[in-house]
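Asks: Chain residues, written in single-letter form:
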Amino acid sequence: MRRRLAGISLLGVLTLTAAACGSGGGSQPADGPVTITMWTRAATQAQSERLVKAYNSSHKNQVKLTVIPTDNYQPRIAAAAGAKQLPDVFAADVIFVPNYTSQGLFMDVTDRIAALPYKDALAPSHMKLGTLDGRQYTLPHTLDLSVWFWNKDLYTKAGLDPEKGPTTLKEFAEHATTIQDKLGKYGEVHGTFFGGNCGGCYVFTFWPSVWAAGGQVMNPEGTTSLNDQPAMTEVFKIYRELYENKVTGPTTKEEQGPTWTGFFPKGEIGVMPMPSTMLGLMPEDMKIGVTAIAGPDGGESTFVGGDSIGVSATSEHADAAWEFLSWTVSDEAQVEIMAKNKDVVARTDLAGNTYSAEDPHVELINSLVARGQTPYALRFGQTFNDPQGPWLRLAREAVFGDASKIPQLNAEITKSLQQ
Amino acid sequence: MTVTSMRSGTRSGRRPAHGAPPARWRSRKAQGWLYAAPTAVIVGVLFLAPLVLVVWMSLNRWPLLGPARFNAPGNYLRIADNALFVDAVSFTLKYTAITTVLLSAVALGLALLVQERGPGIGFFRTAFFLPGAVGFAAAGLLFYGMLNNDFGPIDPMLQALGITSEPVKWIGTPDMALFSTIALVLWRFAGFNMLILLTGLQAIPVEVYEAARSDGAGRRQIFTKITLPLLRPTLALMLILSVTGSLLAFDQFFVFTNGGPDNSTVSMVMVIYRAAFFRFDLGGAAAMSVVLLVALVGLNTLMMRRLR
Numbered sequence: 001m002r003r004r005l006a007g008i009s010l011l012g013v014l015t016l017t018a019a020a021c022g023s024g025g026g027s028q029p030a031d032g033p034v035t036i037t038m039w040t041r042a043a044t045q046a047q048s049e050r051l052v053k054a055y056n057s058s059h060k061n062q063v064k065l066t067v068i069p070t071d072n073y074q075p076r077i078a079a080a081a082g083a084k085q086l087p088d089v090f091a092a093d094v095i096f097v098p099n100y101t102s103q104g105l106f107m108d109v110t111d112r113i114a115a116l117p118y119k120d121a122l123a124p125s126h127m128k129l130g131t132l133d134g135r136q137y138t139l140p141h142t143l144d145l146s147v148w149f150w151n152k153d154l155y156t157k158a159g160l161d162p163e164k165g166p167t168t169l170k171e172f173a174e175h176a177t178t179i180q181d182k183l184g185k186y187g188e189v190h191g192t193f194f195g196g197n198c199g200g201c202y203v204f205t206f207w208p209s210v211w212a213a214g215g216q217v218m219n220p221e222g223t224t225s226l227n228d229q230p231a232m233t234e235v236f237k238i239y240r241e242l243y244e245n246k247v248t249g250p251t252t253k254e255e256q257g258p259t260w261t262g263f264f265p266k267g268e269i270g271v272m273p274m275p276s277t278m279l280g281l282m283p284e285d286m287k288i289g290v291t292a293i294a295g296p297d298g299g300e301s302t303f304v305g306g307d308s309i310g311v312s313a314t315s316e317h318a319d320a321a322w323e324f325l326s327w328t329v330s331d332e333a334q335v336e337i338m339a340k341n342k343d344v345v346a347r348t349d350l351a352g353n354t355y356s357a358e359d360p361h362v363e364l365i366n367s368l369v370a371r372g373q374t375p376y377a378l379r380f381g382q383t384f385n386d387p388q389g390p391w392l393r394l395a396r397e398a399v400f401g402d403a404s405k406i407p408q409l410n411a412e413i414t415k416s417l418q419q
Numbered sequence: 001m002t003v004t005s006m007r008s009g010t011r012s013g014r015r016p017a018h019g020a021p022p023a024r025w026r027s028r029k030a031q032g033w034l035y036a037a038p039t040a041v042i043v044g045v046l047f048l049a050p051l052v053l054v055v056w057m058s059l060n061r062w063p064l065l066g067p068a069r070f071n072a073p074g075n076y077l078r079i080a081d082n083a084l085f086v087d088a089v090s091f092t093l094k095y096t097a098i099t100t101v102l103l104s105a106v107a108l109g110l111a112l113l114v115q116e117r118g119p120g121i122g123f124f125r126t127a128f129f130l131p132g133a134v135g136f137a138a139a140g141l142l143f144y145g146m147l148n149n150d151f152g153p154i155d156p157m158l159q160a161l162g163i164t165s166e167p168v169k170w171i172g173t174p175d176m177a178l179f180s181t182i183a184l185v186l187w188r189f190a191g192f193n194m195l196i197l198l199t200g201l202q203a204i205p206v207e208v209y210e211a212a213r214s215d216g217a218g219r220r221q222i223f224t225k226i227t228l229p230l231l232r233p234t235l236a237l238m239l240i241l242s243v244t245g246s247l248l249a250f251d252q253f254f255v256f257t258n259g260g261p262d263n264s265t266v267s268m269v270m271v272i273y274r275a276a277f278f279r280f281d282l283g284g285a286a287a288m289s290v291v292l293l294v295a296l297v298g299l300n301t302l303m304m305r306r307l308r
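Keeping their order, the protein sequence lines are chains C and W.
Sequential numbering of the first sequence, starting at 1, is according to full-length UniProt numbering.
Sequential numbering of the second sequence, starting at 1, is according to full-length UniProt numbering.
Bound conformation, chain C alone:
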């Protein structure tokens, strides 16, 4: 009996060992169809799913898509890279791409991009951030621009011209204040709203006002912060006054990001900056206006956000992965899948397509791609997006707290950028 038990134990150990040492069965036949793996974050799930579905239905090779919660995406990429278990292709928030390329996570696809007939028309901001030391690593995947949305019904009720959105940040503040004064009595409507406890929301919505005024937020190398300069502090001052005058929604200061775009579609906000991807998520009966973000006294700009996509450095199916990636920026995919669903196209030569002509909002947003900016910094995420990073502290002090701390906190941002 004991020998039998010992034998069973030994068998168990051997089985465990064999399972641990197994290959995992991931190999593909050399000449057959290939299934590649792809990761994307939940924020751009809809666009990725549409592209993958269309590709799988028209190609022999297949793509297996995994969607990962946005907040958990960066840690998952880091953990997978550390374990050398990255998928064949993965999309990433464009501002994180310089860090990923510097860490060697993406495969060099310079020669493959050079062979594309429309290589010069690929979204310039995305391409710039996917380039390191003259080598190119990523393609644009989705584009998400920051723009001002205004609620035409609330404008009419407040006595404002519903067809005329704000053209300066000061005018934006005036409109928001008027709506708050006229319609905000019962706490159901608010002049404006922003993510006051969300670093990514601040850079996405406040920085375009700096660019529109001709200012900059960092040096071109992304190693020195300029967020203590007048161009930035003037913008902070206007938003601070809106908060102090209770023109912003009641939870503005605490908003961490997940729900910051949830109030406008409910008709509770007069005018606010939001991602362009919200255009397709508005209630059909809601009358809205969309315009570029302006500086305190005029100008216009936008934060060109969204995702870039590349072949992972550890992929064993580089050809199949590239076949899929190059297809996603083809005329067919960009017009019949992206533009048809009111998404911003990743190529400037397709900005005026058959679908965008039907909606002036889409046409405006497409036209902003070439005029907007995407800031470059190797340490962007840990400095500006991380809730524990120095940027969020600076922004919160500037808008809600002690604005005299801006120079000291700006120095901490520079320190973080140079780590």
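Hints in this document: simulated from the structure, not taken from any laboratory.
Treat the numbers as computed from the prediction; the structure is a model and nothing was measured.
Each hint can be trusted.
Have a look at the derived ranges for each label pair, beta carbon to beta carbon:
| hint | chain 1 | residue 1 | chain 2 | residue 2 | range |
| --- | --- | --- | --- | --- | --- |
| 1 | C | LYS415 | W | PHE47 | 33 to 39 angstroms |
| 2 | W | LEU130 | C | ALA42 | 26 to 32 angstroms |
| 3 | W | ASP81 | C | THR223 | 18 to 24 angstroms |
| 4 | C | THR156 | W | THR173 | 36 to 42 angstroms |
| 5 | C | GLN85 | W | PHE47 | 17 to 23 angstroms |
| 6 | W | LEU130 | C | MET286 | 39 to 45 angstroms |
| 7 | W | MET304 | C | THR224 | 48 to 54 angstroms |
| 8 | W | VAL134 | C | GLY214 | 49 to 55 angstroms |
| 9 | W | MET157 | C | GLN85 | 46 to 52 angstroms |
| 10 | W | ARG220 | C | LYS415 | 54 to 60 angstroms |
| 11 | C | GLY214 | W | GLY135 | 47 to 53 angstroms |
The beta carbon of each residue, even a glycine, is placed where N, CA and C say it ideally should be.
Knowing the structure of chain C, use the given hints to seat chain W on it.
Replies: Chain W only, in chain C's frame:
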């Protein structure tokens, strides 16, 4: 007696004094190794190997991809310059002290309430323990929703009852964020700790209480002179679990407060997580983990000696 037994055991031939051990003994020894092998493999693969790897990582500059570079003791020296980690140490200690005291008091109170068998006691025991079955992340989201100023039901209820006149900033100020999180932890863990204490309470012989009562001891005397001293080993277990769990706090702050407002609720493990997964500083994160591990082992050893 023991010596005699051992000698007699030797004489009876379990192990001969001279020469090679008999085949039967060798077989028993091999069986012993085989029985222990599965556990040894699991401990080795899941605990010892990662531990050795973490220590080795802490001595290197460790990129996500590519070769590591030995830089000891650089990662350890940088810890003192990490203001976020230094602040997190004091915050985590403060959180641990408050949580442990409150959790012990509430759990002991609940255990004493449901100690005696009676009608409805089973219901209350289950009700108190039930929050322990909710995952910590889910509990964090639940509290986030309940206490949300926009759509949470708590604020309207408090205002309807006349307790508050305007929405409370539950996670809007550093103090409120800390105490809201402690409320979440109490709700989540009080029932579980109650269960631990209940086993200790029920292990105290009834005769001891009866003897104390017949000697004229009052309720207070029974509690301080009998219940607490005899509950000491169970209390020690609960304290160790509570202190260790609190020093390793992560989920509750990560999900519920996200470290805010203004980095006022950042725990040590959150800083380690940030270093590893947002800054990709795997060597630095490993060094902080090793420091935390050594501190935990030291603290637990001290507590076990004091509470034994």
